[in-house]
Each structure stands twice: as C-alpha cells, then as structure tokens.
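Novice: Sequence:
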Amino acid sequence: MASSSRNPSSSKNKGKADVAAPPIFSLSGELESVIVEFCIRYQRLPLVAVEEVGAPPPAPEEEEEKRIDPDADVVPSDKYGIRVVPAHARMWYQTFVRVASPGPEVGIDDDKLARKYSRIHNNIKYMGFEILFRPGELVNVNMVKVFYANWQPEASLDAVYEVECKWKPDAYELPIFDPRQFLELVRDKSMAFVGDSLARNHVQALICLLSKVHANPVTSDEMKRCEYREYNFNMSLLYSPLLVSAETVFDLYLDEIDESWTTKIQSFDYVIISAGHSFFHPPMFYLNHRLVGCLDCSQSNVSHLTSYFSYRRAFQMAFRAINSLQNYNGVIFLRTFAPSHFENGTWSNGGDCTKTRPFRRNEMVLDSHNLEFYKIQLQEARIAQKEGRKRGLKFRLFGVTRPMLLRPDGHPSKYGRWTKPNATVLTDCLHWCLPGPIDTWNDFLLQLLKREAADI
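Each position in the sequence shown, counted from 1, maps to that position plus 12 in our numbering.
Among the clues, some could well be false.
Pair ranges (Cβ atoms, derived) [to be verified]: (1) Arg372 - Asn313: 42 to 52 Å; (2) Val225 - Ser279: 38 to 48 Å; (3) Glu234 - Thr275: 15 to 25 Å; (4) Lys398 - Val314: 28 to 38 Å.
It should be emphasised that the hints constitute simulated quantities derived from the structure, not laboratory data.
All C-beta atoms in this analysis are idealised placements derived from N, C-alpha and C, irrespective of residue type, glycine included.
Using the sequences and the hints, build the whole thing.
Specialist: Below you can see the structure in the form of structure tokens.
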C-alpha cells in the first residue's frame, strides 16, 4: 500500500456525482458464507431471497389479498416448456423449506393452506406446481408466499429460461463442466484468483459447481480460501481490484504494484488474473509519487487522461511483477474483460438491465471501452508471454469477453438483494446470477486445464 507521505487527493472528488463506474461491491464475510453454504449444501440451486426463520405470523387473508395479485400469469408453456419451469421451481422449494424449517407459527398443512390462502394455492397448482404440496405434511406458509411472489411474473420465468442457454462455439462443442474431472486435474495443485468482485463471483460459481461431488471444502479467511483435502487442492481469492497500489479508488500509483497479491502467488500452480470495471472510477494518477493526470476531474491544471491509460499501466505492472518472480514457473491465465449491460443510464442514475434473452451474434458488436480494454489486455499479454517464455512461465488467454457481451439477461439487476419495502436498491448489471452465464467460465477453465495437462 502507499505510504502516508503521499499527497492524497480523494477529498477533491468527494463531491463528484453520477460517475459512470459501478460501485465496488464487497460482500461481508457473514453474507458470503451464507451464499456459499447454500451452494455447497444444495448443489448450486438458485439463490432466491427468503424470509427469516421466526418471521411474524402470516398476514390475515384480507391483507394478503391486497399484496398478492390473484390474476397471476400462468406458465406460457409454448414459450418455456412445461418441463423446465416446474423442475426449477421444485429445486427452489425443496432447498428453502429445508433451510427454514416451519415452526408452529408458520407451519400449515395442505388442507388449511387451500382454505386460508385459496387463491395462492389454486394459482400455484394451475401454474403446474402441484408437486410442491404434499397432503399430511406441514408446509412453511412464508416459503409458499415467497415462492408465489417470486415466480408468478413472466420476468421470473425468463430468468429460468436463461439458465438453459449456453455458449456454443462455431468450431466445436463445448462440454459442460465435469466437477470430478476438474478435481482430478487439479489434484495436488493450487489455484489463485486475482482481481475484483467479478473474480469473487467466479470463485463462488466454481464452489457451487464443485459442490455436486464435494460438498464440504474446508474454508478460511472469510471464505477467501477453500481446501479440497481429499484431492489436496486449494484455491484462494486474492482481492485486488486495481492490481496496482492505491490509497483509495481515487488515488492510483501506477508504477507501484499491489503487493497484497504479488507476494502470495508464488506458491500457486495456477493464477487467474483479471481486472476491469474499477478503472471507471474517477481517480488521480501518480507516477514516481508525482501527480501526472486524472480521469474526469475538475482541475484545469492537471492533464486529463482516460481509463485506457491507467488500465494499460496496471497490466504492464502486473505482468512485469509476475515475470520478475524468482523460481516461479506456474501458469498464468488472463481472464479477459467481462462487459456490463447497463441501459438508459449508469448504476447511479437509473440504468438497468431488463433484457430477458441473450443477444444474437449480429445484434451486438464489441466496441467502445469493451473493445479497447480487450485490446489492451491482448497487447500486454503478448508482451508478457514473450518475456515469460525465457523463464519457463506460461501465459494463457482465458477469453470470456465475446460470450459475456451477448448475455444482457444474466445479471441480477435489482433482484440480487433481499430488501425492505420501498427501499432504494442499486441495480447490478455487472455481476452474474448463480446459476447463470458465469458458469460458462468454468466450462472454459476445465478445457484450459485439460490442455495444460496434455502439454506436460
């Protein structure tokens, strides 16, 4: 980290409003533990908000009728297929009924549910979800209400359909992720993910996929390290959103590396490095402890530079730091830039991502900052690869840019958090739903690891 003698300038930016960069999301250790625990225990089932155990008793029927639309849309079977939706709903229900076991105040049998909440009961059955009700068993009525509220709109059914889509390369068939094969390939190995909250998103997706065959990894450091001891494999998240040294997101020291990750990667066989959206925050740029420019600042006497300047410098420093490591001969994967999909504004001024279908290939082209960031990564990776060969280091491209550009339907939007009524919710069109398009990253990763094994 930077020393205290530096000239901080973050105060000059505190009044800046409506910057284009999305906020830097940082899950608390407790919340992250809950997310990963759900995935581990229930094999990457969808993360849907639920009411807390011990919630107050259900509202009276007349109040319920005001909150629940009795004329909910039914499943459009010609659009989704009756097979997909009930199967997904069944997984949802089975997961969260187990998590929140019904107590006396929320437990209700099927007959009583049919009488007291007849419209909910009948509509759910009409939607094709009879499997959710089992005569003679207590049902958590809060879970039923949450289920109904989350699954009646067509938009929610679009999210189900989205899970069924997968990336199809032109030249070959991309096999779906095989968790057993992955764990065999990384037996006696270690893997580090270096980057921002999207790197964390990637780690969480991988943990969920591996939970199909290994449900209880040993975790530490607030879920930033997972050990699969049966395979003698461990993976770690080394959080460094800017890769270089920074006192805040407003002060970047572009000729100094962030040692919080460079001092640790030497012990890892595989390192997946990435960075991107944090570079849209409006910082002041320093070289040799001297202010050399800024991004979107109001100072007239400072050179106005672009995020491309800082992005290139950051990757130059990152790759130089890796190539300077003594006696390190691991494999470095550069995970390319993953576009966000904000429309009609940014995260701070009403932007959202409401599309419910992937783009066709001719509907979206790689341009603007998406193209420039991608090009910078490729250019700097080629330079690093040439230098790394002299020392036995392997630099590999982990390309996700094009596939993710086509998936505006895979973000949580405003549904990624369980919030109180009428609360202001920041839309998230940057991170990815689980399960969702980000699972393709692990399909790619498995194939990359197989290539490395074949080259040995």
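Novice: All hints are to be evaluated individually against the structure, with a verdict given for each.
Specialist: We went through each hint and held it up to the structure:
| no. | hint | in the structure |
| --- | --- | --- |
| 1 | Arg372 - Asn313: 42 to 52 Å | holds, 48 Å |
| 2 | Val225 - Ser279: 38 to 48 Å | violated, 25 Å |
| 3 | Glu234 - Thr275: 15 to 25 Å | holds, 19 Å |
| 4 | Lys398 - Val314: 28 to 38 Å | holds, 35 Å |
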